[in-house]
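Q: For reference, the chains in residue letters:
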Amino acid sequence: MAVTLAAGATPKLTLNPLESIQTMTAYIVQVSQGDTPAGTVEYRTIFAVGLTLFFTTMLMNVLAQWVLRRTREKYE
Amino acid sequence: MSLQTSNRHSRSRLLSHAFAGICLLSTLSCIAALILLLWQVFSHGIDWLTWDFIRNLPSRFPAKAGIRSALAGSLWLLGLTTVISVPIGIGAAIYLEEYANKNRWRTLVQTNIANLAGVPSIVYGILGLGLFVRFMALERSILAGALTLSLVVLPIIILASQEALRAVPPSIRSASFALGATKWQTVWHQVLPASIPGIMTGVILAIARALGEAAPLLAIGAVAYIPFAPSRLSDEFTALPIQIFNWSARPQEDFHSVAAAGIIVLLGVLICLNAIAVFVRYRASKRIRW
Amino acid sequence: MNFPIQNEQNDSVGVSSRPVASMASTSSIARSSDELAAARSKIAVSNLDFFYGSHQALFDITLKVPENCVTALIGPSGCGKSTFLRCLNRMNDMIEETRLSGNVLLDGEDIYRPRTDVVELRKRVGMVFQKSNPFPKTIFENIAYGPKVAGTRKRAVLQEIVEHSLKQAALWDEVKDRMNKSALQLSGGQQQRLCIARALATNPAVLLMDEPASALDPAATARIEDLIFELKENYTIVIVTHNMQQAARVSDQTAFFFQGELVEAGPTNTLFTNPAKPQTEDYITGRFG
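Protein chains in written order, with this note's numbering: chain F, 110 to 185; chain Z, 70 to 359; chain C, 9 to 297.
Next up, chain F with everything else stripped away, as it sits in the complex:
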């Protein structure tokens, strides 16, 4: 969330780290703040974005735990 303040809220695709972009988190906030009625396409997209976010982090967590398990064995 804090990133929104720094990174801006401009939804565009760029590889340039100096340009303003929009994060997934910021998108969800933007849409849900807009008071979209339930059932509209916009309302549904935030769930899709949330799901993407969820699976991305889950993948990273699983990966981290796997690394942790593998390296921890060496000490015991």
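Heads up, some of the hints might be wrong.
As the list claims (entries may be wrong) - Here are the simulated lysine-lysine pairs, PhoX-like style, with alpha carbons at most 20 Å apart:
id : chain 1 : residue 1 : chain 2 : residue 2
1  : Z       : Lys252    : Z       : Lys171
2  : C       : Lys285    : C       : Lys72
3  : C       : Lys72     : Z       : Lys252
4  : Z       : Lys252    : C       : Lys156
5  : C       : Lys139    : C       : Lys156
6  : C       : Lys145    : C       : Lys189
Said to hold, decoys possible - Label-pair restraints from in silico Cβ distances:
id : chain 1 : residue 1 : chain 2 : residue 2 : range
7  : F       : Trp175    : Z       : Trp120    : 51 to 57 Å
8  : C       : Gly294    : Z       : Thr96     : 54 to 60 Å
9  : Z       : Ile123    : C       : Asp101    : 58 to 64 Å
10 : Z       : Ser98     : F       : Asn125    : 21 to 27 Å
11 : F       : Leu160    : C       : Asn111    : 56 to 62 Å
12 : Z       : Glu232    : C       : Glu43     : 31 to 37 Å
13 : F       : Gln139    : Z       : Asp116    : 29 to 35 Å
14 : F       : Leu177    : C       : Glu128    : 54 to 60 Å
15 : Z       : Ser79     : F       : Thr123    : 47 to 53 Å
16 : Z       : Leu302    : F       : Thr123    : 41 to 47 Å
17 : Z       : Val178    : F       : Leu160    : 45 to 51 Å
What the hints assert, rightly or not - Take a look, some chain Z residues computed to stay more than 10 Å from chain C by CB distance:
id : residue
18 : Pro262
19 : Ala263
20 : Asn343
21 : Arg352
Calculated directly from the structure, the hints in this document are not laboratory data.
All C-beta atoms in this analysis are idealised placements derived from N, C-alpha and C, irrespective of residue type, glycine included.
With chain F's structure known, arrange chains Z and C on it following the hints.
A: Showing chains Z and C alone in chain F's frame:
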């Protein structure tokens, strides 16, 4: 073997110094960033931090803007979230540590909790939006906000409590069982009291995190402009981070200073919470030493 | 070959005549084999097999524990003596995936019979662990815990039990002025005697001790051993020990375990001076283990 410094030795000593230097530099840059941040916030905000600022409701005019409704909202959320998440979190931790058999099911649950603890809070916001706000029709109430924040902190509380329970030596459990205590008596009279300091520390840190969360509350539709201090569970609410976010997003320069004053208030509350955590830990470490 | 042990055994009189427990001298003399044979068996174990998962830890153990005697279990590390001890109050139930067959009779009752009240059993069969493990509470709370969980609520009764137990454990005089201080402030030897007092507070008939003195210095060890002499008047004691001299000093009956089997059991005197099996002789003379 001569004790005189060989070339090789002096090089390795140099390397060792260099490494220590790099580590020191890392630490210093963290501290520098923190000091810079604090300086920035305080230099902007301290003049705006008046008694009126604490007492006033939000306003279109920076000079009249106050943080009362946000502070009240945050304290409401703080209390409710604690009441909701702590019993469930500790209960879950006790079940997983003391009762559950170490089978695949437990591993699955454990992995999931660890995952959930790392999920961005906005995801809980969406869940709260779908589940509490819409499905349970709680609207944008304090209760919906507190339930959503409870979801955010539950995995953290469970993990911290589990850690604290695990730190209680197994020999304490054996001793209790050997005296004819039941599982329930052992957990209630020995394991839980011995782990309370650790659990408390974890809980307070988790709650402190909840206090700083804006994203999940924004996702469930909390807005910054609430011209009254909430008094009922069904009232609409705002919270410190939302208010600060809102102010700092405004174009007027003065509102940025108001935001800085708000940050000082938020920091104050957080420091109080952390101080309690440190105090609890200190008290416990004096009393219990394995 | 076993002279050193013989010497140690003679020395036991010296140990128990220490001023701290002078009253022990009358009871310190080991029971004779006749007395042992005449004693009622408090615990009778027959054909006991024990498994951790698929690993068998005990093989067909049959042993009688005579009442009001000290039975020592000796043997090298991992021989199953501690496992056997924990079978006697079902502490092994705590460990997942353990299995057991055979009988363990306490006063003629099978403690592994399906509807046994394990809580009740553990009140009758107390246990003292290798490492002293006082609760992080006051001295009073430590001792009173057993009676409390058993339902005793009256403060006066609890106070009486606490005092009596501490006296039995020869700790009362040292701690009577600081009953409300943390038990963790006591010295190692005191903590272990506290644990013994705690076990006595539930008024058990049998006391199981798992190397109770292995973490203590010689003086504290001597005090624990004196205590064992005194306690056997009222309790049946089973003690696991690494230390053969200790077994020789304190016990009336000794059982030698090796690789999960009970090699030999008999009156301590006989076992140490005239072992029947060569393995026993090798072990007690220090050839292995």
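Q: Are the hints correct? Go through all of them and say.
A: So, going through the hints one by one against the coordinates:
1. Pair hint lysine 252 of chain Z plus lysine 171 of chain Z holds up; C-alpha atoms about 17 Å apart against a cutoff of 20 Å.
2. A threshold of 20 Å between alpha carbons decides the hint, and for lysine 285 of chain C with lysine 72 of chain C the separation of about 19 Å falls inside it, so the pair holds.
3. Taking the CA atoms of lysine 72 of chain C and lysine 252 of chain Z, the gap is near 31 Å; set against the 20 Å cutoff, the hint is violated.
4. Restraint check for lysine 252 of chain Z and lysine 156 of chain C: satisfied, since their Cα atoms lie roughly 15 Å apart, inside the 20 Å limit.
5. As the CA atoms of lysine 139 of chain C and lysine 156 of chain C are separated by approximately 23 Å, the hinted pair breaks the 20 Å bound.
6. The straight-line distance between the Cα atoms of lysine 145 of chain C and lysine 189 of chain C is roughly 8 Å, inside the 20 Å bound, and the hint therefore holds.
7. A hinted range of 51 to 57 Å holds for the C-beta pair tryptophan 175 of chain F and tryptophan 120 of chain Z, which are about 54 Å apart.
8. At roughly 56 Å, the beta-carbon separation of glycine 294 of chain C and threonine 96 of chain Z lies within the given 54 to 60 Å, and the hint holds.
9. In this structure the hint that isoleucine 123 of chain Z and aspartate 101 of chain C lie 58 to 64 Å apart at CB holds, the actual value being about 59 Å.
10. Range check, serine 98 of chain Z to asparagine 125 of chain F: about 25 Å between beta-carbon atoms, so the 21 to 27 Å window is met.
11. Against the hinted window of 56 to 62 Å, the Cβ-Cβ separation of leucine 160 of chain F and asparagine 111 of chain C comes to about 59 Å, which satisfies the hint.
12. For the pair glutamate 232 of chain Z and glutamate 43 of chain C, the beta carbons lie near 54 Å from each other, so the given range of 31 to 37 Å is not met.
13. Between glutamine 139 of chain F and aspartate 116 of chain Z the C-beta distance comes to about 32 Å, which sits within the given range of 29 to 35 Å.
14. In this structure, leucine 177 of chain F and glutamate 128 of chain C break the distance hint of 54 to 60 Å, their C-beta atoms being roughly 44 Å apart.
15. About 50 Å separates the C-beta atoms of serine 79 of chain Z and threonine 123 of chain F, a value consistent with the hinted range of 47 to 53 Å.
16. For leucine 302 of chain Z paired with threonine 123 of chain F, a C-beta distance near 45 Å keeps the hint of 41 to 47 Å intact.
17. Between valine 178 of chain Z and leucine 160 of chain F, the C-beta spacing of about 21 Å breaks the proposed range 45 to 51 Å.
18. Not every C-beta of chain C lies more than 10 Å from that of proline 262 of chain Z, the closest at about 8 Å, which undercuts listing it as non-interface.
19. The Cβ of alanine 263 of chain Z does not lie farther than 10 Å from every Cβ of chain C; its closest approach is about 5 Å, which violates its non-interface assignment.
20. Under the 10 Å C-beta cut-off, the non-interface status given to asparagine 343 of chain Z relative to chain C holds; the minimum distance is some 25 Å.
21. The non-interface label for arginine 352 of chain Z is consistent with chain C: the shortest C-beta to C-beta separation is roughly 13 Å, beyond 10 Å.
Figure legend: structure checked against the earlier numbered hints; hints not met, in rising order: 3, 5, 12, 14, 17, 18 and 19.
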